[in-house]
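Following the hints, complete the assembly by docking chain F with the ligands onto the known chain W.
Protein chains: 2
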Amino acid sequence: MSDSRGARMSRRGLFGLGAAGAAVVGAGVVASNTLLDEAPVAHAASISDPFPFYGEHQAGVVTPAQDRLHFVAFDVITKNRAELVELLQEWTAAAARLTQGKEAGSFGAVGGAPEAAPDDTGEALGLPASGLTLTIGFGASLFDERFGLAGKRPAALADLPKFPGEQLIPEISGGDICVQACAHDPQVAVHAIRNLARIGFGKVSVRWSQLGFGCTSSTSRAQATPRNLMGFKDGTNNLKLEDAELLRDQLWASAQDGSAWMAGGTYMVTRKIRMAIETWDRTSLAEQEQIFGRNKGEGAPLGKQAEFDAVDFAAKGADGQPHIKADAHVRLAHPSNNSNAHLLRRGYNFVDGSDGLGRLDAGLFFIAYQRDPRKQFVPVQMKLAKNDALNEYIKHVSSGLFACPPGVRDAGDYWGRTLFE
Amino acid sequence: MSDSRGARMSRRGLFGLGAAGAAVVGAGVVASNTLLDEAPVAHAASISDPFPFYGEHQAGVVTPAQDRLHFVAFDVITKNRAELVELLQEWTAAAARLTQGKEAGSFGAVGGAPEAAPDDTGEALGLPASGLTLTIGFGASLFDERFGLAGKRPAALADLPKFPGEQLIPEISGGDICVQACAHDPQVAVHAIRNLARIGFGKVSVRWSQLGFGCTSSTSRAQATPRNLMGFKDGTNNLKLEDAELLRDQLWASAQDGSAWMAGGTYMVTRKIRMAIETWDRTSLAEQEQIFGRNKGEGAPLGKQAEFDAVDFAAKGADGQPHIKADAHVRLAHPSNNSNAHLLRRGYNFVDGSDGLGRLDAGLFFIAYQRDPRKQFVPVQMKLAKNDALNEYIKHVSSGLFACPPGVRDAGDYWGRTLFE
Ligand code: HEM
Ligand code: HEM
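Protein sequences appear in the order of chains W and F.
For the first sequence, counting from 1, position 48 maps to 48 in my numbering; every step adds exactly one.
For the second sequence, counting from 1, position 302 maps to 1302 in my numbering; every step adds exactly one.
These are calculated hints, taken from the structure and not from any lab test.
Among these hints, one or two may not hold up.
To be verified - List time: in silico SDA-like cross-link candidates among lysine to any residue, alpha-carbon distance up to 20 Å: (1) K1325(F) / A1385(F); (2) K1079(F) / G358(W); (3) K375(W) / Q256(W); (4) K1383(F) / N1340(F); (5) K102(W) / E1298(F); (6) K203(W) / L1357(F); (7) K1203(F) / E278(W); (8) K203(W) / D1355(F).
Bear in mind the structure is a predicted one, so any value in this text is a computation, not a measurement.
Next up, chain W with everything else stripped away, as it sits in the complex (with noise of 0.2 Å):
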């Protein structure tokens, strides 16, 4: 990155190119912020240049989704407090390059002492910014004794319960500390995980980690609704960075909340979700469409003809039945039927090889942002998994909670620093 950019252009680079196209339908583009009566969104021109890294709420949940994901939990394996903040300060920094397309510290990879390992690990050498953004979480976990932190965990960082059908694999699931890297192209965001984790080397160690492709859900109303693994559009509902009002009821924390140090942060819970692929490919497109409630062509709700139109349940075909059923999969997350409960979903596709079993191990590794899990994420999924038609389809297999701290403000601050002066 850094001294190279403009002088050499990357093979992948050249998804910068198209910033006059770009800017028509775009990525990284959001709409008009005229709507919005809090600070402009962060929003990039082009796919390939940066967000801002300083502001009120950390990047990464607002933003318009970007197309790669690699997520990472630590465990944190220092004993010292003192160590584990400067370790969050030496992140903050690494963060505030990389996210600006620079390389992760200033002796780069390539510019240092050759008898010295280099500052970076070169491989995002000559890529742009490419929309990284990089979203830090502290688990339940971290809240223990070791830290003396006990006291500061939020209420709202309740344990999830156990949920019915769960197969949860305990080695993939929860963690210390998360790291969400999202970017339009995979080695810029594998790139920055791998030197957080270098920079952590002796302090952290990496728990579990996860790549994932093709944001399944959109989060501006400028995005075209991407599509999920089952071949449905994702996000056509979902709560989006336009939403003002919303996002402050139903997003960020407030400091009336209870745990001051978290206000104008959020909660992240993540779900591994597998898909049974080969039996949902011989599934006919009738049942499939009667599962989620929506058409697979346009993502109309059943009995409408556009995929924007309003859900309406009441609603009765010919033969006196609801268009939509009673355990179809938007019927029980609606908010209408959850309490007037929103979740902001970002999660990704993946493919993780096979199952040897002949099987593709494959799904969606669900991520959704919200001010309280408790009145959000839980409901919600307790409905699910009891009731939802795609249980037939699905497993969760991995699960994750995560107190996500508020946006760096400038370069004085760091990740966390509410939390733990």
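Coordinates of chain F with the ligands only, in the frame set by chain W:
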């Protein structure tokens, strides 16, 4: 895909909008073909465009390396030769459609009868062709007694010897049939493999599959050289599509080689090579450069200035030692030290999560094409396995060897026809 192209523009579709820019330096662009005395090589003017499916050779070999990979190895489970041939015919028809940005079957994802399972899984609806190529290969195990092919096994498809230090995992090695899907959009590559698996249900079963990103080797002089996960430029001295004479000598099999059915085909070796990323990242810049024999910034041979300067293995530094050490990777692998054996490398980076020991499970999914592995991959790899300074940081964990038949001539032809008829 199909009916919705143009009408809807997906989020990822915008990668295709930069056509004007992409024509300047392009993943999908090949140099003027005046140097070639063979038919002009397929090229796509923008990275969302299709490559031709029909031709003398299969696409996906000299095709300018696309950015994403989904590789799958199948075991054939039917015992019936006619059923296998029928599957190859069905696959060919689907591949001809998929590579042109159409759905896998004419009933599509949403156009068929509601009571039937769709002919396409739907997750690529609205996405352009994205330079998708599908390349098939037949493993040695296909030539056993099951299908009466034993007499047709090419001599060049001899089992690879055991190489020093390799730690192969049988479950992710070998396979009766492989398909390499390359595209600029992972969703398109995944969609293609998944639909082939769906079509093959009951006749083949997925043995293993691998996702990759950021092709680590350029295959055209019109492409900038990408970097691998060790941060080095990879592909500088690769066999490239502009090397018409070398391609004839060293890439494409001919009828004179002993197996007439392979004329116009080629042999593919795959090696999944895990990197000790964390150890590498703590190695000094000087040592990293000595291991490869090239510098990290420019990719220039040590002792030279620019990436494409000719390598001089005799040149010595002020200390009287050769600039490029005896155990440097490029010295050992260079054609001049291997009876002029060349390889067309076309590998991809992989990150498969973490390994349960706090480390990223990442490295290079090496793919190399050649006319005869006995004279090319095998001697080069034997030398590397014994002497390469790089060995301290890598481990070969899977291996594959496949005979890739010639290209499909037209809609009446199919993958492997010359083998079966
Ligand atoms: C593999 C698992 C899942 C798949 C394939 C899936 C797919 C979908 C699809 C296709 C839609 C309709 C389009 C849209 O509005 O986005 C949808 C809606 C929704 N899903 Fe899921 N989903 C999955 C799991 C979950 C989970 C675990 C939750 C939360 C606990 C969830 C919450 C929602 C919500 C809140 C909506 C919006 C409903 C509405 O307001 O209309 N989904 N999902
Ligand atoms: C993780 C494993 C490997 C890494 C990181 C790696 C990396 C590199 C790099 C950085 C170069 C120099 C740039 C270039 O000319 O492309 C190179 C050259 C080369 N590599 Fe590898 N390589 C690996 C494994 C292999 C294997 C297994 C083979 C074949 C058995 C191989 C064959 C070659 C050849 C033929 C060259 C060109 C040498 C020349 O003509 O100058 N490499 N490799």
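Status of each hint after checking the structure:
1. The straight-line distance between the Cα atoms of K1325(F) and A1385(F) is roughly 16 Å, inside the 20 Å bound, and the hint therefore holds.
2. Taking the CA atoms of K1079(F) and G358(W), the gap is near 17 Å; set against the 20 Å cutoff, the hint holds.
3. With a CA separation close to 16 Å, the supplied pair K375(W) and Q256(W) stays within the 20 Å bound.
4. About 14 Å separates the Cα atoms of K1383(F) and N1340(F), which keeps this hinted pair within 20 Å; it holds.
5. The straight-line distance between the Cα atoms of K102(W) and E1298(F) is roughly 17 Å, inside the 20 Å bound, and the hint therefore holds.
6. Of the pairs offered as hints, the one joining K203(W) and L1357(F) holds, with about 14 Å between alpha carbons and a cut-off of 20 Å not exceeded.
7. Between K1203(F) and E278(W), the direct Cα distance comes to roughly 13 Å. Compliance with the 20 Å bound is thereby established for this hinted pair.
8. Restraint check for K203(W) and D1355(F): the C-alpha separation of about 18 Å stays at or below 20 Å, so the hint holds.
The structure meets every hint from the earlier list without exception.
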